[in-house]
Every structure is written in C-alpha cells, then in structure tokens.
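Number of protein chains: 4
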Amino acid sequence: MTLLKPKKVIFFGDSITWHGPDEDGFITLMKNRLKTEGKIDQFELIGAGVSGNKIYDLFFRFQKDILDKQPDVVVIYIGINDVWHKSQSGTGTDANRYLNFYSAMVKILKDRGIEVVLCTPSVIGEKKDFTNPQDGDLNAYGQIVREIALKYNCNLVDLRKEMIKYLQVNNPDNAEKGILTRDRVHMNATGNKFIADQMYPVLFAKQR
Amino acid sequence: MTLLKPKKVIFFGDSITWHGPDEDGFITLMKNRLKTEGKIDQFELIGAGVSGNKIYDLFFRFQKDILDKQPDVVVIYIGINDVWHKSQSGTGTDANRYLNFYSAMVKILKDRGIEVVLCTPSVIGEKKDFTNPQDGDLNAYGQIVREIALKYNCNLVDLRKEMIKYLQVNNPDNAEKGILTRDRVHMNATGNKFIADQMYPVLFAKQR
Amino acid sequence: MTLLKPKKVIFFGDSITWHGPDEDGFITLMKNRLKTEGKIDQFELIGAGVSGNKIYDLFFRFQKDILDKQPDVVVIYIGINDVWHKSQSGTGTDANRYLNFYSAMVKILKDRGIEVVLCTPSVIGEKKDFTNPQDGDLNAYGQIVREIALKYNCNLVDLRKEMIKYLQVNNPDNAEKGILTRDRVHMNATGNKFIADQMYPVLFAKQR
Amino acid sequence: MTLLKPKKVIFFGDSITWHGPDEDGFITLMKNRLKTEGKIDQFELIGAGVSGNKIYDLFFRFQKDILDKQPDVVVIYIGINDVWHKSQSGTGTDANRYLNFYSAMVKILKDRGIEVVLCTPSVIGEKKDFTNPQDGDLNAYGQIVREIALKYNCNLVDLRKEMIKYLQVNNPDNAEKGILTRDRVHMNATGNKFIADQMYPVLFAKQR
Numbered sequence: 001m002t003l004l005k006p007k008k009v010i011f012f013g014d015s016i017t018w019h020g021p022d023e024d025g026f027i028t029l030m031k032n033r034l035k036t037e038g039k040i041d042q043f044e045l046i047g048a049g050v051s052g053n054k055i056y057d058l059f060f061r062f063q064k065d066i067l068d069k070q071p072d073v074v075v076i077y078i079g080i081n082d083v084w085h086k087s088q089s090g091t092g093t094d095a096n097r098y099l100n101f102y103s104a105m106v107k108i109l110k111d112r113g114i115e116v117v118l119c120t121p122s123v124i125g126e127k128k129d130f131t132n133p134q135d136g137d138l139n140a141y142g143q144i145v146r147e148i149a150l151k152y153n154c155n156l157v158d159l160r161k162e163m164i165k166y167l168q169v170n171n172p173d174n175a176e177k178g179i180l181t182r183d184r185v186h187m188n189a190t191g192n193k194f195i196a197d198q199m200y201p202v203l204f205a206k207q208r
Numbered sequence: 001m002t003l004l005k006p007k008k009v010i011f012f013g014d015s016i017t018w019h020g021p022d023e024d025g026f027i028t029l030m031k032n033r034l035k036t037e038g039k040i041d042q043f044e045l046i047g048a049g050v051s052g053n054k055i056y057d058l059f060f061r062f063q064k065d066i067l068d069k070q071p072d073v074v075v076i077y078i079g080i081n082d083v084w085h086k087s088q089s090g091t092g093t094d095a096n097r098y099l100n101f102y103s104a105m106v107k108i109l110k111d112r113g114i115e116v117v118l119c120t121p122s123v124i125g126e127k128k129d130f131t132n133p134q135d136g137d138l139n140a141y142g143q144i145v146r147e148i149a150l151k152y153n154c155n156l157v158d159l160r161k162e163m164i165k166y167l168q169v170n171n172p173d174n175a176e177k178g179i180l181t182r183d184r185v186h187m188n189a190t191g192n193k194f195i196a197d198q199m200y201p202v203l204f205a206k207q208r
Numbered sequence: 001m002t003l004l005k006p007k008k009v010i011f012f013g014d015s016i017t018w019h020g021p022d023e024d025g026f027i028t029l030m031k032n033r034l035k036t037e038g039k040i041d042q043f044e045l046i047g048a049g050v051s052g053n054k055i056y057d058l059f060f061r062f063q064k065d066i067l068d069k070q071p072d073v074v075v076i077y078i079g080i081n082d083v084w085h086k087s088q089s090g091t092g093t094d095a096n097r098y099l100n101f102y103s104a105m106v107k108i109l110k111d112r113g114i115e116v117v118l119c120t121p122s123v124i125g126e127k128k129d130f131t132n133p134q135d136g137d138l139n140a141y142g143q144i145v146r147e148i149a150l151k152y153n154c155n156l157v158d159l160r161k162e163m164i165k166y167l168q169v170n171n172p173d174n175a176e177k178g179i180l181t182r183d184r185v186h187m188n189a190t191g192n193k194f195i196a197d198q199m200y201p202v203l204f205a206k207q208r
Numbered sequence: 001m002t003l004l005k006p007k008k009v010i011f012f013g014d015s016i017t018w019h020g021p022d023e024d025g026f027i028t029l030m031k032n033r034l035k036t037e038g039k040i041d042q043f044e045l046i047g048a049g050v051s052g053n054k055i056y057d058l059f060f061r062f063q064k065d066i067l068d069k070q071p072d073v074v075v076i077y078i079g080i081n082d083v084w085h086k087s088q089s090g091t092g093t094d095a096n097r098y099l100n101f102y103s104a105m106v107k108i109l110k111d112r113g114i115e116v117v118l119c120t121p122s123v124i125g126e127k128k129d130f131t132n133p134q135d136g137d138l139n140a141y142g143q144i145v146r147e148i149a150l151k152y153n154c155n156l157v158d159l160r161k162e163m164i165k166y167l168q169v170n171n172p173d174n175a176e177k178g179i180l181t182r183d184r185v186h187m188n189a190t191g192n193k194f195i196a197d198q199m200y201p202v203l204f205a206k207q208r
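Protein chains in written order, with full-length UniProt numbering: chain H, 1 to 208; chain D, 1 to 208; chain U, 1 to 208; chain R, 1 to 208.
Looking at chain H on its own, in the form it has when it is part of the complex (with noise of 0.2 Å):
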C-alpha cells in the first residue's frame, strides 16, 4: 500500500485570493467539492493572498511565501491592483515591470519543476458594454499573462475572459456590480462560485 503526499497547491495574489478561504470563498468551495468527491486526501489547497497586491509585492514575498514551502503547484492570480492604483493613488505597474517580474516567477517556479497556473485579471467594473475605465487596460494586461502561459507553458484560467462572456449574458442591464461582484472588483457569492468553477479542473489537469 502506498501513502500518497497530498498535491499542496498554493494560491497566490490579491485581497481576492485573500477572501479565497473565507467560509464562502473560492478556495473553500473548490475544498468543499473535492470532499464531495472523495478527492479531498490528495491536496492540500493553501491561500497566499495579501490585500492591495501587485505584481512586485507578490516578488517580494515570494522566497518566503512560495519557493520555501515547496509547492507542487501555483496558481498566480495577479493584477488588478497593478492597473487599478493607476487612477486610484498613482501607484498602479507599468505593463512591461507586470511583464518582467512575472515572467521572472514563472521562470523560476518552472525551473524547478513547479506547476503553474495562470489567471488573467477578472474585472474593475462589471458593465458589459466595455465602458468600464479600465478596460483597455485590464485587456492588455490579461492580454500579457496569456503570452506569458503559452512562453511558458502554463495552463491558464482565463477568468477575464469568462467572466466578460458571462456578464453578456448575466448583466441584462449593463450595472457595474453586484453581479459577480459586490464592489466591482471583490467577488460576491456567485463570483466566488464562477472562479472556484473555472480553477476546479486545473487541479486535476495534466501539466504542460
């Protein structure tokens, strides 16, 4: 008989990972569906979100946070504070430093076998109509993460995209919140729902 390690999974981000294991967050319901499933023994699911978190802070934790724990996978789910401090405190990421101190972790992480999942940034503003202000800018920067997981060679939860699909549909009336969200940016109870939904299968997907 063996004793199977559990596959320890690290999700790593913003204030929106940080509500991951709240009793109603993603990370608690991916939890609550592999037990469902019986799966619950072969992983460990950890949140490694800190509030108001871009880019270069998640590098700055990162030995500490990521690399001394020793992952079997890591789920980077980055950059919405990075486009909006911008115009919230004039202390948002250029695009090309989101590149490069991404792509430096991917590297890293990659380099010593370590899986990792990539997340483009959800939403600022759910109105369907693409007149959320930072559109453009969310674009561009999921637009980044998709070419950083195909260089790469990560699998990739492509949550902007989903969600934008989804709010067509879900939004009949172009509001800017309260449908997967409860303050445009931070998930609500059916947001939490959507994102546990779209990283469930990651865990089980064969690495690239």
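I should point out that these hints are in silico values taken from the structure, not numbers from a laboratory. There may be inaccurate statements among the hints.
Repeated chains share a single entry, so a pair holds when one copy, or any two copies, can fit it.
Cut-off 30 Å, straight-line C-alpha distance, at most; resulting in silico cross-link-like pairs (DSS-like, lysine-lysine) [unchecked claim]: (1) Lys-177 <-> Lys-165; (2) Lys-177 <-> Lys-151; (3) Lys-161 <-> Lys-8.
We have chain H; now place chains D, U and R onto it with these hints.
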C-alpha cells in the same frame, strides 16, 4: 436672384481640430471637396481648436469663440484630453463634469437655434484588440456623447465607432499607431481624410 | 433715519465651505460673533459650498450661485480638490487652468464693483515637517492665489500660511490629522474656529 | 609590502546614476579627483544606474547587479521616479513599498558585511520657495531614507537637504531648472560636481 449668406460652421475642439485647417487637415479637405462640387459659396468653415483643450476649456472660451461669432452650426469634437490627461498628468476630467459642461453648451446652442453636431472622441492608440489602455474610458465618454446627442436631438458623427470599425479591417498587425494617426492620437493624412469623409455629409444633413 | 441694507457676503467654495453653516462651522461661528458684538444686522452671510468642487466647478455655477444673487462681497476658498484629485482620481486641475478660471471670476466680480476676498488653500495633511505629499503643490496653488489677489487688488485670507504657522506650534507629535482637521482636510471644531477667526476681520476690512 | 585589493564601490540607481560615468558625470569626477590625489589605486568605482528605475527595479536586479559582483560598498541613490511617475504615468511607488523594498536590500547588504551608503532623493524642480509640485512627497521619501540610514546604521549623503540649502543661495530668480539640473531632474555640470563633492568624503568615511 437671391444672394444667400453662406452657412457659418465652426469646428470646436482640441489639437486635432487645431490641425483641421492645415494643408492636409480635415477642414481643408472638406473645403476642397466643396470647391470641387461647386458648393464652396454655400459654406464658411472655421477652425476653433486649441491644443490640450478639455471640455471645460471649451466652456471657458465658449462666449468668445462661439457665441460671439454667431455660427449657424457648431461641430464639437472633444474628449481625448479629458481621458488622456488622467494618466499623463493627473488632470483629466471626471465623467460627470464631462457630461455637465458638455450638456450645458449644447443646451445653450440649441436654445439659440444653432445647429449642433457632436463627435465621439476618436482614439488613444489604434490597437484593434481593445488593449489600448484608455479604451474602456473612451468608450464611456463616447457613450456620454451619444446620450447627449440623443437627449438634445443633435446630429452625431460617431468617429470612435467608425474608426474602430475601420481599424478592425485596416490594422492587420495590431499596430498602436500609423494607420489613422501619426502618434496614437493626432491624425495623419489618412486620418484627416477619414474624418473629412465622416463629417462632410453632416454639412448637408437636415437639422434634427 | 436711514435703514441700511445688510451687506450680503457669499462664501464660495468646496466641502469645507459646505460645512461652514453647520452648527460649529466657520460661517455659523462668525454669525454668532456678529450677534455677540451686536452687528448681526449689518451682514447677511451665505454659504455656497459644494462638496468636491474644483475651480472650474465654481465657474460653472458662477452665474447662478453668485452673480444672480447680487452679493456685496464674495469670499472664494477653493483649491484643495484641484490638487488632491490629481492623485485620488487623476482628475485634478492644471495650474494654468486654476489661474485662468480663478482670474476670470475675480475680474468679472471686480468689474461689477463686488468686493472679492481670496483664501489660499488650507492643508491636505497637517504634518509640520513639510512631508505631506501635496505640500509642494499646495504651496504653488497658494502662490497663484496670492498673485491673483495682488493683481486684482483683493483682500486675502492666507489660510495656508497661517495654518502652517499654527501647526508648527501646536502639532508637537507631527500628526497628520486631528489638530485643525478631522481627516487631513476637513475642519474639526478647532479648525472651524481658526478659519472664523482669520476671516472675521475681513468683514470689516476696507475694500482695497 | 602589501598589495591591497582596491575597494569596489557600486553606485546603484536610476538615470542620474546612469549618467554618472559620463565625461562630466559625478562618478567620473570622483575618479578624476582620486587620480589627482594619488588614490585611484585604492578604489574601483562602478556605475549601476538604469534610466527610469524605481526602488523595486533595483530589487529586481539586486542579485545580478549587486550581490553577484561582491562589492565592498554600495551607494544607493533612488526615489525620484518613485515619486515622479505618480503624476507622469500613474505608476509611482507607494511610500510603504519604498520603505519595505529599500529596507530589505539594506538589510541583506549589511548582513553580508557590505558597507551601504544611502542618498536622499534630490529634486524634481529647483524652485527654492517650496512650490515644486513634488516637494512634499520628496521630503517624505527623503525622510524614509534618513530613517532607514538611522535604523541600519548607514552613512548618509543627504543630497536633498544639501541641494535645497544650495538653491536657497544660488537660485535668486527662483528658476525651476538650470542651477543644478538641466531639466528639473537630471544634473548639469554643476549638479554633477555638486554630487561628486557630496559623495567623495564617504569613500573614506569610517563604516558606521
């Protein structure tokens, strides 16, 4: 025989309009076409663009540059700097101010029986995959212009919509400039031709 | 026997002025002092502050809120949001616009023989070691107000200068709020008293 | 007779430091003075400035550009872009990140026995009446540097303090550039000489 006074049309805007009377500018192109079509005597086309102008700068010089000149038609083309300056210098225009100053001027013109033509703000960046950083915000400000046109019953030149449509076809490499603009914002010869073609029919349009 | 019409004084500004007529607001405090000194019949003090207002918002409502009311004196206290919104939302006001809109209103008032009192923008943060992020910009905008006052021969309430002087003495711990403001910007009871004390003499000052 | 290895000094910073090895740059000037004083064999001065760098860009290239080169001394001169980019592109650095990334690098260097010299960020604009827009913010970031120097026992070159002192005397017309800088930020010949004179003694200072 009746000698008709020519229709006085003032183009009211920012640096794009300021370049309108240039040799290959869109105002000059419209004049040339009027000549070719033998209609030049029916119109007086006047450029009133000032570099860097935002909506409240138009309001500031509204009396002197528009009302005092007693135009028959005013073509308003403003909004690029209102959006652009947000990230360039922290001095863009809040959406509600854009709406309020814009509406106030349109109302005054309509109340005096002056014809008003509105233009949606064109582009900041020509990438066709909706990743120009200000795309969302420009869409929002464009939407405001459409709503003002609807409310006050004005003819609309939907430059933003038409340019995006044009770029989908004519920007195969997803370049950020060089198709209609020389620098992401200001028109090159093709762009000036494009605007002239869009605006020309409005000169003959029935006032709504 | 002559029945004198009271002097109509309008306070024209942002949220700080909007709070002026509050129970402990600076306009109320001046009224109370006028009562105590038996001079209340000589003055009518009117608050015309609107939250979030910048210089061009004053210009926008200038006709309706000031000129139409035919005041004898207008006390202008504006500039905090012009500076603050730069970093808060990317929608502050360029220095040259601050100068131009401000000068235009002062000129119109003076041309009509209306007395104008200018106030320098107070503070965003109360730290006394000149490390409040907007200190330099507020100094610049304050300097613009002083130059307008000089050029148009207006009485000046130099709130910024006087508050900085006060904080040097009364902020031993270099706190960022709580001395004159409750939140770095809006006045607490002490701040309202301070402003009332600074402004009161101007009511009786000889027009320059 | 002992043949001493020269002291390896790396200058770590942004475009100002990038210009340090120019013909009239401050690093070249210090080398020239070392030659004149017959001490050039005792030092190896290395420029490691990159245009546009902010504190986290230094952190990003810290291993490669500093640690791998095994310096004896590191002179850190960073902060202008951290403040400036807030209004230029909305991508400045939050004060707490400036503190954290800065402290982390200083701690690592000190733990390895490497001497660290800190420089306060110089100027953005040379006006001497404290009306340069970023004066308050630069004062705040300068204060952070002073506190790090104190906490980690580092020698400090207080460029900001010394330049302000110099400008009080040598900028009679309150010009915004042309005294020490050529463009409000980057040093002219006088500015490079000024920095060289400020830094030179530190080469011989006792490590604290």
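Hint-by-hint comparison with the structure:
1. Lys-177 <-> Lys-165: both (15 Å within a copy, 29 Å between copies)
2. Lys-177 <-> Lys-151: Intra 34 Å, inter 26 Å, cutoff 30 Å: inter-copy only.
3. Lys-161 <-> Lys-8: within (27 Å within a copy, 48 Å between copies)
Checked against the numbered hints listed earlier, the structure breaks none of them; every hint is satisfied.
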